[in-house]
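Take the sequences, apply the hints, and build the full model.
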Amino acid sequence: MVELEKQGVPTVIFTAQAFVKDARQSAKTFGIRNLPLAVVPLPFSNQSGESIRKMVDDGFDQITAGLTRAVSESEAEPEEVAASSESIDCGPMGCELTPHDAFQVREERLIYDGRDLLEACALMNRKFLEYGWGDGFPLVPPTSGNVEAMLQGTRRPPDEVVVVLEPGFGQATVKKIAINAVMAGCLPEHMPVLIAAIKCLAKPEMYLRNKAMSTGPHAPLMVINGPLARTLKINSGTCALGPGAASAVNTVLGRALRLIMMNIGHTYPGISDMDTIGSPTKYSLCVAENESRSPWEPYHVSKGYSQEDSTVTIHFVYGLCELYDFANSVPERLVEVYATATKNVAQLSTGNWVLGRRSDPRYGTQEMEHNFMLICPEHAQVFDKAGWSRKDLQEAMYKAARMPFKTLMLNKESKALDAAHPELRWLYDNPEVLVPVVEVPVCFEIAVVGGNAGRGTYFYGAGGPVTVPIED
Amino acid sequence: MAQLEVLNPVAESEEKNIPPAARPKDFAGKRVGLYWNIKSGGDVALDRVEELLKERFPGITTSRHIGSVGFMMRHLTPGDAERVAQICDMVVGTTND
Chain A
0 MVELEKQGVP TVIFTAQAFV KDARQSAKTF GIRNLPLAVV PLPFSNQSGE
50 SIRKMVDDGF DQITAGLTRA VSESEAEPEE VAASSESIDC GPMGCELTPH
100 DAFQVREERL IYDGRDLLEA CALMNRKFLE YGWGDGFPLV PPTSGNVEAM
150 LQGTRRPPDE VVVVLEPGFG QATVKKIAIN AVMAGCLPEH MPVLIAAIKC
200 LAKPEMYLRN KAMSTGPHAP LMVINGPLAR TLKINSGTCA LGPGAASAVN
250 TVLGRALRLI MMNIGHTYPG ISDMDTIGSP TKYSLCVAEN ESRSPWEPYH
300 VSKGYSQEDS TVTIHFVYGL CELYDFANSV PERLVEVYAT ATKNVAQLST
350 GNWVLGRRSD PRYGTQEMEH NFMLICPEHA QVFDKAGWSR KDLQEAMYKA
400 ARMPFKTLML NKESKALDAA HPELRWLYDN PEVLVPVVEV PVCFEIAVVG
450 GNAGRGTYFY GAGGPVTVPI ED
Chain B
0 MAQLEVLNPV AESEEKNIPP AARPKDFAGK RVGLYWNIKS GGDVALDRVE
50 ELLKERFPGI TTSRHIGSVG FMMRHLTPGD AERVAQICDM VVGTTND
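In the order they appear, the protein sequences are chains A and B. Start counting the first sequence at 0; every next residue gets the next number (numbering that gives the first Met the number 0). Start counting the second sequence at 0; every next residue gets the next number (numbering that gives the first Met the number 0).
By construction, these hints were calculated from the structure, which means they are not laboratory data. Every residue, glycine too, gets a C-beta built ideally from N, C-alpha and C. Errors might be hidden in some of the hints.
Chain A is faced by these chain B residues, among others (derived, beta-carbon under 7 Å) [stated by the list, open to error]:
hint, residue
1, Pro8
2, Leu51
3, Val68
4, Met71
Selected chain A positions facing chain B (in silico; Cβ < 7 Å) [claimed, not checked]:
hint, residue
5, Phe59
6, Leu66
7, Val70
8, Ile110
9, Val146
10, Lys175
11, Pro360
Below you can see the structure in the form of structure tokens.
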């Protein structure tokens, strides 16, 4: 709608009450304060026709006013924002959290007093949470000394803007990255990984805005490859996704990325991150590939990098499912078992390709929906012994991961299919036809991770992964 | 007493400022675009908007639009927006959030 306003066309958009702050913040970051909204009590999805029509009837005066009354460019918060979003809905037994304005605290240096440093640190943690700057776990104080030490981990100057991060268009200076890294518990040698990760997030093909602001539980899965993963002791084996001491580096890297998304990208829960339920994977989700146990070329080599390169791959994922099989030692049977995990229509990405591709109209990017398979070494050996390559496994998965069209469409808007793939309308008359859950075989990303048992992990993905080299 | 001095972790935003479009005084002779991002229920809402607009402002005309790219939600590309801007005087949209 901002694009239309820029072209001189007055607009008004329906917005559910709970999303008013989100809509305002979003329009503001694109440069228009007070974009007119027609606020309705609920989103239109899952509502009956009668209920939707009533909401429109009740809100219709806002439409006419929004299109014909001059729009204020004042910085004052519009009435409907103050009225509609006084608190985040934490449920009847939850806290009544008043949404902060994370941007109101402008001081570059903040001072907290206490009877001793522990008490001052506890106060800092309470205040940072109040401002919305924390993830809920205790934060390491970003003192000047801690931040200076963190900055020693990179040759880049502190004021260099590495990228501008959506959705808030925050300027990711090296110093701000270092501050958030300190808070997460990182060490200076982790800085190059985080700088690569933030570059990954900012790539247009990542379409971060979509994933950061969604009502879905998009979590950035970080996969680290190459020599640096070993140097930094990023866990790729037993319990690689944590928790515990063996995965301590994984934990702080993943945590730092979340804090960076919040405090640099301005992805704040309830303000601009409208995740309906959330996910524990959003706290931290980082792993290294177990390259020494993989029979195949390392994942990053399959993406065009050399074995000596170190890389960060980020793939936003939704939920996950175990790939358990202790019984089979032939690849076809393993694929049959894996395929059952893929046929979950309650997961948004399953078969979503029939509705088109995730697209950022600003950059003309298009993403197919990929899913990330972390295959355990035991299973990888089964495929290798039978002479299967990674590509063979992808193709076998593509053939096996199919479901009836009528099931695939249970929760999909048929008009979206009509718009994206009118040539597939014949499927309406053939509802039992088995349709692949992904668009092409390479939509199954495969890396080898884990310890010694026949248990992997399947991540339902949102869009595609992006890999960048770790340079500095 | 002890004092802890820490640094602010929040990044400054790149400032953008786009003036909103000028609003007409009324709907006389106007063509209203109805934009649906294809999320469920938005089409029903726009059907009702169209009915109410035509009831209250006789002479108004409408046109329906969805974006040319996307999947479970479809977006207007800059080219789409340009085409909509050429034929519509104003736009009502639903994004379902």
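Hints violated by the structure (listed by number, smallest first): none
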